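Participant: The primary structure of each chain is shown beneath.
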Amino acid sequence: MSETTRRRPQAFTRGNGAGGFRLAWRKGTNTVMLALCALAVVAGVVPLLWILWYTLRQGIAALTPGFLTSMPTPVGVPGGGIFNSIVGSAITVGLGVLIAAPVGVMAAMFAATRANTPLGLALRFGTDVIAGVPSIIMGIFVYALIVLPQGHFSAFSGGVALAFIMLPIIIRTTEEMLKLVPGSLREASLALGATEWRTSMNVLLPAALSGVVTGVMLAVARAAGEAAPMLFTAFGNPFLSFKLSEPIATLPHTIFVYAISPYEDWRAKAWATALVLIALVLGLNVLARGLTWWRVRKVGSVTR
Amino acid sequence: MTADVHADRRAAPVARKSDAWNHGDPLFRALTTLAAVAVLVLVLAIGAELWRSSILSRQAFGLSFLTTSVWDPVAEVFGALPFLAGTLVTSIVALVIAVPISLGVAIFLSELSPMWLRQPLGFLIELLAAVPSVVYGLWALFAFVPSFVKPVALALNGKLGFLPLFAGPIYGPSRLAASLVLAIMVLPTISAISRDVFRAVPVAQREAALSLGATRWETISQVLVPYGLSGLLGAVILGLGRALGETIAVTMVIGNNLDASASLLHPGYTMASIIANEFAEATSELYIQALIEIGLVLFVFTLVINLIARLLIWRVARGTVSEGRS
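For the protein sequence lines, the chains are A and B, in the order given. So the first sequence is numbered by my numbering: it starts at 340 and just counts up by one. So the second sequence is numbered by my numbering: it starts at 139 and just counts up by one.
Just so you know, these hints were derived from the structure itself, not from any lab. Be careful, since some hints might not be right.
If you want the footprint, here are the derived chain B segments under chain A, 3+ residues with CB under 8 Å [said to hold, decoys possible]:
no.: 1; stretch: 171-185
no.: 2; stretch: 204-218
no.: 3; stretch: 405-414
Looking from chain A toward chain B, a few residues come up when the C-beta cut is under 8 Å (computed) [what the hints assert, rightly or not]:
no.: 4; residue: Lys366
no.: 5; residue: Pro386
no.: 6; residue: Ile390
no.: 7; residue: Ala446
no.: 8; residue: Ala618
no.: 9; residue: Val620
no.: 10; residue: Leu626
no.: 11; residue: Leu630
As the structure is a computational prediction, the values presented were derived from the model and not from experiment. Beta carbons are placed, not taken as given, at the ideal position from N, Cα and C, and that holds for glycine.
Excised from the complex, chain A in its bound form:
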C-alpha cells in the first residue's frame, strides 16, 4: 500500500527533472491515447448510423402504400404487406405486458421497500440472472413448459416467453424510480396513519408512475424485437390469426424468415418490415428516455 503510493508520485515528477524528453514522451502518449478514445467513440457510433441509414434507404424503397394494412401475398405477386405480423406482435407483446407488468411492479415494490432483507437481496440477484438469460433459452424453456405438453405452437406461449423477457426490465426500472421517491413522502404518509399498502398504492406508486411507464415501454421495445424465442413458441403464421391457441406471425420473426429466403421480393419486404420495427423500437426508447429525464429533473427539484 504505502509502497505503491510512494512510487507513483515519483514516476510523475521524475519526467520534469530528467530533461525534456521524458516529459515530451508523456505528453505525447497522453495526446495519442486521448485521441484514440475519441476515435473509439467514432467507431462506436458509425455502425449505428450505418444501420439506421441503410435500413431507412432500403426500407423506404420497398415500402408500398398499404404495406401496413394488407396481408402477405405469394412470392412475385405485387403488393402485399405485414398486417398479420403487426396483429401478431401486438397480441404477443400485449399478453406479455399483461403478465409481466403486475408481477414486475409488485416485485419492484418488494425490492424497493425491503431491499436489505434476504429475500430482497435474492430478488435483486434473481432479476439480474433472468436479465442475463439469452432470449433463445427463454424460448426453449417455454417450448418445454407449454408447447410440448400442449402439442402445438401458440400465440399464448409466445406471449409467455416475452413476459419472462420483459420481467427483469420492468422490475429494474420500476425499482430505480421507486427509490427516487423521497423517503419523507413515505414517512409522512405512514405518520398520518395510512397503512403500508395504502402508502404504496396511493403515494409511492403515483409518484413513481412515469417510472413504471418507462419500464413497460422499454420492456415492450425489447420484446417487440425478439425473434429468437418466437422460433419455438409463436412459430409464425402466413395467415391472419387472432387466436391465442394458434401459431401467430410476429414482426421480427417475419423479418428473419424473409431475410434468409432466396426471393428478392421477400428480402425487400424484410427491409420494409425492419424499417417499421426499428421505428417502433427506437421511438419507444426515445420516448422512455425523455420521460426519465423529465422525471428525474422533477423529483430532483422536489428533494432540493
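Please build the complex by placing chain B on the supplied structure of chain A, with the hints as guidance.
Facilitator: Frame of chain A, contents of chain B only:
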C-alpha cells in the same frame, strides 16, 4: 416482527372512517412477497425444465456429449463440441475487438467529453443496444458482410493466410463475420457499465493524481482503471454473457456449417445458432432433446458468467457509494 411496530402506528386517528382500507396490509405483503418469490422460482424453473426435457439425450450420451464432435441426426449420434468451440471462439474474438473500443468510449464519455456532448453521445451508444437483433442480422447479411467483412477477410487471408486461423477459401458468412457483429452488439453493454464505473470513482482521486503532475492519460490508466478494475472486469464479463447467447444475428451471418477447421474465415456454428437453425427440422425426440441439452449447457454458461460479473460489479458499487461520488 415489524408488523407489531406498525400496528401501533396504524392505530392513529386518520383511518377510522375507512376500515376497509386498513385490512389490506397482510394481503399486500403476501402479494408482493409472492411476486418476489415468483421471480426466484422462474430462475429455478428454467434450469429444472431444461434438465428434465433433455433427459433422453443426457442418458444416451452422458458427458461425452460435451467432448465429441460427431453431429449426425440421421444416425442419431450427437456431440456438441463444435458448437461449444464455435460459441467460445466467436465470443472471445468479439471481446478482443470490442473491449478496447468500449473502454475508449467509456473513458471519453466520463472523462473527456464536453458536458453538452455527454448526454446525446451516451444516448446514441445506448440506442445501439436497443436495435433488435434481427435488424443487426439483416444489416450484417446485406451490407456489413459484403462491404466490410469480406475485404477484411481477404486482406487477412492475403497477409496471414499461412496461419490456420486465417486459412482460405473466403466465404462471405463466416465466424469472423459473426465475431464482428457480436463486437458491435456488446459494445454498448460494456461501455455503459464501464462509464458508470469510471463515474463512481471519487473526484478526489483524479484531483490527487493531477495535482501530483500526472497527465490526464496517466490519471486514467494508473488511477481510475486500477480503482475500478473489478467493475470493468464485470462489464467485460457481462458483455461476454451477452455475446454467448446472441442468436438471430449470429445465425444470419455465421453460415451455419459443420466446418471442422480452425479458420475464422470459414462458416461455422454456435450453440445458439444450431438451436435456432435446426429446431424446426428436428423430428425425432432424441434430436430435439439433444438441442435442448445444448440450451441447458448455454444456460449454465451464461448463469455462471452473470453471477461472476454481478459479484464484481456489486463489489465496486458497494465500495464507492459510501465514499460518495459528488
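Participant: Hint by hint, which ones does this structure get wrong, listed from lowest number up?
Facilitator: Hints 2, 8, 10, 11 contradicted; others consistent.
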